[in-house]
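A.B. asks: If you want the building blocks of each chain, they are given just below.
Number of protein chains: 2
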Amino acid sequence: MKQTSKNIAIIGSGLVGSLLAIYLKRLGHTITVFDRRPDIRNIEFSGRSINLAMSNRGWQSLAEVGIEDEIKKIAIPLDKRAMHVTDKPIYFQKYGKEGEAIWSISRGVLNKKMIDLAEEAGVEFRFDEKVWNVNLPEATLFTGETEKGEWTEYNYDIIFGCDGAFSRVRHKMQRRSRFDYSQNFIDVGYKELSIPANEDGTHKLDKNSFHIWPRGKFMLIAMPNIDGSFTCTLFMPFEGDVSFESIQTKEQAKDFFKTYFPNVRKEIENLTEDFFNNPTSAMVTMKCYPWTYWDKVALVGDSAHAIVPFYGQGMNAGFEDIFVLKEKIEKYGDDWEAVFKEYQEERKPNADAIAELSYRNFVEMSSKTADPKFLLQKKIEKHFASLHPDKWIPAYSRVTFSNRPYSEALEMGDAQEAIMQKVLEMPNIADKWDSAEVEQKILSLI
Amino acid sequence: MKQTSKNIAIIGSGLVGSLLAIYLKRLGHTITVFDRRPDIRNIEFSGRSINLAMSNRGWQSLAEVGIEDEIKKIAIPLDKRAMHVTDKPIYFQKYGKEGEAIWSISRGVLNKKMIDLAEEAGVEFRFDEKVWNVNLPEATLFTGETEKGEWTEYNYDIIFGCDGAFSRVRHKMQRRSRFDYSQNFIDVGYKELSIPANEDGTHKLDKNSFHIWPRGKFMLIAMPNIDGSFTCTLFMPFEGDVSFESIQTKEQAKDFFKTYFPNVRKEIENLTEDFFNNPTSAMVTMKCYPWTYWDKVALVGDSAHAIVPFYGQGMNAGFEDIFVLKEKIEKYGDDWEAVFKEYQEERKPNADAIAELSYRNFVEMSSKTADPKFLLQKKIEKHFASLHPDKWIPAYSRVTFSNRPYSEALEMGDAQEAIMQKVLEMPNIADKWDSAEVEQKILSLI
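Residue numbers (full-length UniProt numbering), protein chains in the order written: chain W, 1 to 446; chain U, 1 to 446.
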């Protein structure tokens, strides 16, 4: 359906804000994007980001506006995990079937590119302009230098809040009655570290792998960048025995890296410097509802549903919001109230599902990877999936390499889990895990 | 332990704020209570409150500062429920054992009395003064006419946030990293209605009963006041077939009362007038953590844990917070950091437990009271408890007539529920529910 051109403000020039700007501009609207921060194209990026893993949902959303190929130029496909386990040589785990991969992209590089593309499309950006208040029923926003200082008023037809987990727009919605909201932090934090390129610009580790050093309560990961470097992320408890709190001096940091990550000890100077230069960040699951206000205001991406990063789906979920929003626009045209209503009703259960899946991945990584029963379960699942790839699609594949709803992946995952609990109750299961009997048992339960 | 006298601000002059003021004043501190609203002693009360049901925990906290008897003068003991069921005569259900009762008090009357008592004790009240910001590490607060206008700064040693479910003090804590928070509304709202006294000042319904008109998806309750009137509360869905939304005209309201509450039809003019004069209010469960900031700021009562009113424990839980806070003060004296730490660690699981119990009571009332299996379960429990009162203390009694932790009541309640689920699986249970066989079965499971 055709739409009347509207004057639309988007709050936030991050990944979701700039992609939404491109979508809406292409549909014929006038778009202004506000951001409280300066233009990231002119500044050093933050040192607090985890590399992105673009997967199916993300690519689909980019393809819809024809920018998939452009973005692939700044991305590196990872078709496997490289496991750096203590006292064992590195080993690899394929992510999916032949040709299936997730793509590593630096958040800074991608965001700069997206803003370029949005500008080329005709979107206006107003950087360094802080939105302090939003009048929801009027779609009016107020910006200014300080919260208590003078404000400028702007009136729009529609406002989109793409301003992240600590959204100012949502904050305004939150103060209305009957707005459900929750924010829950995990007791693990993260810190960005880096491994620079070799002198000839090549990568120091296999560039088509997602590198993981699992260490029980903490974990290091590394993802490649196109300049030959790796962006690493150290996930570790804030407090406790081995924790961010417990590492206070350069000596302690060096000891820590030497002890737990011996195969990156050549990078130790760099890692130690980053450790003290870069901030320690917290991770939150944020849920809320409703996401929209009349036909005036809507939340998209992290502002509506922030999740922990352990499934690599934060950006993908935000991009999929935009894809779904466009489907609703095509269905309802100028009836923005209907567009918003169906958008939030369809997306909410999926956002809740990926939040749950991401949190479970965190729990799995921090407490279950040393549990023999859990490892046996994973082994049985993998074996069965290799025998019957059409009958046992792992939740990871449903989330990462498909565009079926997240809620379906969660549901199917729960059903598989129930089957496996029954299988694990079979007598002597540890000895016969790859037997025909177990295979038949699973087949009978599916 | 003795404490050094501190200069303490309490934000909020509600029930919890004024009782805390009395406690702390008695301990030798200088107390100023701020409230954004005018002094309720000089104005008409809101028309949006549910009568309070003071029970064991509340009385214990008042007795600790010797004001129990004073408050009993404005309270009416209710030893039973009066059930107004359709097509049946009224019947009564005792709350507990002989002498056990909950006490009905008008919120307005109690709050005025508490402020009087706090003033007599030497507490300073600053009404009509709005707190807009709190500097947590400095224990500084900022008040003023408007959020954007000029502010006055006050510096204290300690600040207590007793400013309710939508606390400004908590709001400030909430913006820090790693603060867990949730607010969840139920889809049922409530409205205050009233039944005036007879001309001779007597009550129109039995004055020592908690009156309930259960109607499945909605419900009317009435609790007596000392002036002969009843404060009624209508609980009903916001939207749907029979809902606040569906009653728009006086005719519709009269029809509604006539159809569903025939035995109060004499009061229909009054009820209808109240229906349109009084606001419809929402109900929320609010959880957060931490409740304190260093040795500077602490949340007490609804600002730390708001619950739905279906267990009648909101005020009781807030008063118990104060009782526990005093225990910690006696233990740790001037070490306010230790006081606050142990206070929040001890109270948090109990606040979560009463939130859960209250929400379950809501679910029970709105969806289970028509379920024959649930009714059978209640019948079996009651029968068994009458045979073995020492072996089967109902959760309601543990919550209402004891001062054991709420978390214990929840735990024991869950254990009883598990037993009952097994009992309900017995063949022909509906026919033999009061048999010795069932009694023996329960005894074997306890």
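None of these hints come from the bench; they were simulated from the model. Careful: at least some of the hints might be erroneous.
You can't tell identical chains apart in this list, so a pair holds if it fits in one copy or across any two.
[To be verified] Taking lysine-lysine and the DSS-like style, the derived pairs with C-alpha atoms no more than 27 Å apart in a straight line are:
(1) Lys348 x Lys80
(2) Lys368 x Lys379
(3) Lys341 x Lys72
(4) Lys25 x Lys80
(5) Lys25 x Lys432
(6) Lys341 x Lys217
(7) Lys113 x Lys130
(8) Lys254 x Lys441
(9) Lys97 x Lys326
(10) Lys441 x Lys25
(11) Lys217 x Lys6
(12) Lys373 x Lys130
(13) Lys326 x Lys6
(14) Lys217 x Lys348
(15) Lys2 x Lys379
(16) Lys6 x Lys368
(17) Lys368 x Lys422
Given the structure is predicted, the values throughout are model-derived calculations rather than measurements.
A.B. asks: It remains to establish, for every hint, whether it holds in the given structure.
C.D. replies: Results of checking the hints against the structure:
{"no.": "1", "hint": "Lys348 x Lys80", "result": "neither (31 Å within a copy, 44 Å between copies)"}
{"no.": "2", "hint": "Lys368 x Lys379", "result": "within (14 Å within a copy, 43 Å between copies)"}
{"no.": "3", "hint": "Lys341 x Lys72", "result": "neither (33 Å within a copy, 51 Å between copies)"}
{"no.": "4", "hint": "Lys25 x Lys80", "result": "neither (37 Å within a copy, 66 Å between copies)"}
{"no.": "5", "hint": "Lys25 x Lys432", "result": "neither (59 Å within a copy, 71 Å between copies)"}
{"no.": "6", "hint": "Lys341 x Lys217", "result": "between (42 Å within a copy, 26 Å between copies)"}
{"no.": "7", "hint": "Lys113 x Lys130", "result": "within (23 Å within a copy, 47 Å between copies)"}
{"no.": "8", "hint": "Lys254 x Lys441", "result": "neither (50 Å within a copy, 63 Å between copies)"}
{"no.": "9", "hint": "Lys97 x Lys326", "result": "neither (30 Å within a copy, 63 Å between copies)"}
{"no.": "10", "hint": "Lys441 x Lys25", "result": "neither (54 Å within a copy, 70 Å between copies)"}
{"no.": "11", "hint": "Lys217 x Lys6", "result": "neither (50 Å within a copy, 43 Å between copies)"}
{"no.": "12", "hint": "Lys373 x Lys130", "result": "neither (52 Å within a copy, 58 Å between copies)"}
{"no.": "13", "hint": "Lys326 x Lys6", "result": "within (15 Å within a copy, 60 Å between copies)"}
{"no.": "14", "hint": "Lys217 x Lys348", "result": "between (31 Å within a copy, 26 Å between copies)"}
{"no.": "15", "hint": "Lys2 x Lys379", "result": "neither (52 Å within a copy, 62 Å between copies)"}
{"no.": "16", "hint": "Lys6 x Lys368", "result": "neither (51 Å within a copy, 49 Å between copies)"}
{"no.": "17", "hint": "Lys368 x Lys422", "result": "within (19 Å within a copy, 32 Å between copies)"}
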